[in-house]
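As you go down the protein sequences, you meet chains U and Z in turn.
Residue 191 in numbering that gives the first Met the number 0 sits at position 192 of the first sequence, and the numbers go up by one each step.
Residue 91 in numbering that gives the first Met the number 0 sits at position 92 of the second sequence, and the numbers go up by one each step.
Fair warning: there could be bad hints in the mix.
Straight line, CA to CA, 16 Å or less: simulated EDC-like cross-link-like pairs of lysine to aspartate or glutamate [claimed, not checked]:
id	chain 1	residue 1	chain 2	residue 2
1	Z	K106	U	E83
2	Z	K109	U	E90
3	U	K201	U	D59
4	Z	K106	U	D177
Read the hints as simulated data drawn from the structure, not as lab findings.
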Amino acid sequence: MGYIRAKDVVVDFPIYGGVSRSLKSTFLRAATGGVLAKDAAERVFVRALDRVSFEFKEGDRVGLVGQNGSGKSTLLRVLAGTYEPVSGELEIRGRVGAMLNIWLGMDLEATGRENIYLRGTIMGLRRRQIEHLIDEISEFTELDDYLHMPMRTYSSGMAMRLAFAVSTCVPADIILMDEWLSAGDSIFAERAKDRLRRLLDKAKIMVLASHDTTLISSVCNRVMTLDHGAVASMEDLPVEPDRVPAKVSILSFQGER
Amino acid sequence: MVWFSSRYLALAAQDLAGSLFDTHVWIALGWQEVQQRYRRSKLGPFWLTISTGAMVAGMGPLYGRLLNVDLTTYFAYLATSLVVWQLIAGVVLDSCQAFISAESVIKQIKLPLSMQVLRVVWRNLIIFAHNFIIIIVVLVLYPPNFGWHMLLMPLGLCVLCINAVWIGLALGMVCARFRDIPQIVQSLLQLLFFLTPVMWRADTLGRNVWAANINPLYHFVEIVRTPLLIGPASVMSWACVGFITIVGWLLTFAVFARFRGRIAYWV
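Bound conformation, chain U alone (with noise of 0.2 Å):
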């Protein structure tokens, strides 16, 4: 099951502090981001996410792109369902996978097992599933009696490597990632893409972020382009992809930006 539909979602920032009074007229066009505006009560909020409307099916592996700022990071998130949007509609069926920070909750402190668990637990498993992905991370990421170890020990390889295998390890329908995951040294890294790949076989959609088009290119069948928080365009990619990045781009997508 994956189905995401969102019809006219926005999503406004409000922004604290003094920048009201600076900002003269009521209607301001930031060069790069989103649309700066007041609301009646004389509060200026970011409209980071303008009426976006679109719908993704089994199958699709979304391209996001954009400049900075146009919303790509704040529509990963609304997916994410972190962000609940001031208005418009959101249905998103499956289980979702936000990727976005593969960090998130570490403690650099604590040994790798515990810092497993943790994580693990964060992403909503439990300690008896975790118990069984120990041994595979362990082996995947060659860390060994490492994981025994607090986990600033670690060289800065093997905390990549640590923090992208937990990152990858809980199947989804729906997988977020801002940007292209991947992980360490020449030979890890190719064994990263192979798990990465096998993470997002498994799932039905995927959404990726990314300036990369020709990474885009070649791992997603659909783009959409976002300016300032809108929907510039949204168009299918001519190719099935190999879904995993290629040396060889399309050239007419390339064309295309």
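Model the placement of chain Z on the given structure of chain U, informed by the hints.
Chain Z only, in chain U's frame:
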């Protein structure tokens, strides 16, 4: 956006029910925070026990004389009062950061928001359990009035925790939205420590005992402390606490229902 609707109430109820159902999440988070704070320290959270113990041992003789009371009963009174007060003060202070400190989780994963408050209350209960050793030691050294009424203490503690959750929700929301509030709460709490009969007894006020009775915190301390020392807490204390529990929850639930969806934007 609709200003208020029954859907908001349903979602807020769902949020609270979700937290109560997924107890393992906030229990794990609360434990981890206590551990995190005392990692690599040999005594860990027992440092709190020691510091509270030192406070009782140090302040007991001094204030006992200043207030001109019998030291044998004053030690037991001071120990239980301080430990209960630390629980209340800890919950109030930490609640201010309940949502702010959980920003990264709140923005990435959809979890019941009330879970963050339960995490705070639970963490303070763990600390309370460590401090409780002081109460046991003092009560062994200076035996109080033992009896069945002591069983009212767990009941009082439960009622206190039920209130801690609404106080935590309310403070957590207000502090996430208005960042000056944590400072105000901190100062107020310091003042309230002296205004509330924690170190001194309400009956020493004589005709002015109303000054203690109008203080809700006094009644909260009473329902947990008195069963351990003398006997059941007064009917007035229970009535006040009962009233505050109902009104506090009703008001907080309405506010939580209205602004629950905005918390992620505030933090």
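We went through each hint and held it up to the structure:
no.	hint	in the structure
1	K106(Z) - E83(U)	holds (11 Å)
2	K109(Z) - E90(U)	holds (15 Å)
3	K201(U) - D59(U)	holds (12 Å)
4	K106(Z) - D177(U)	holds (13 Å)
The structure meets every hint from the earlier list without exception.
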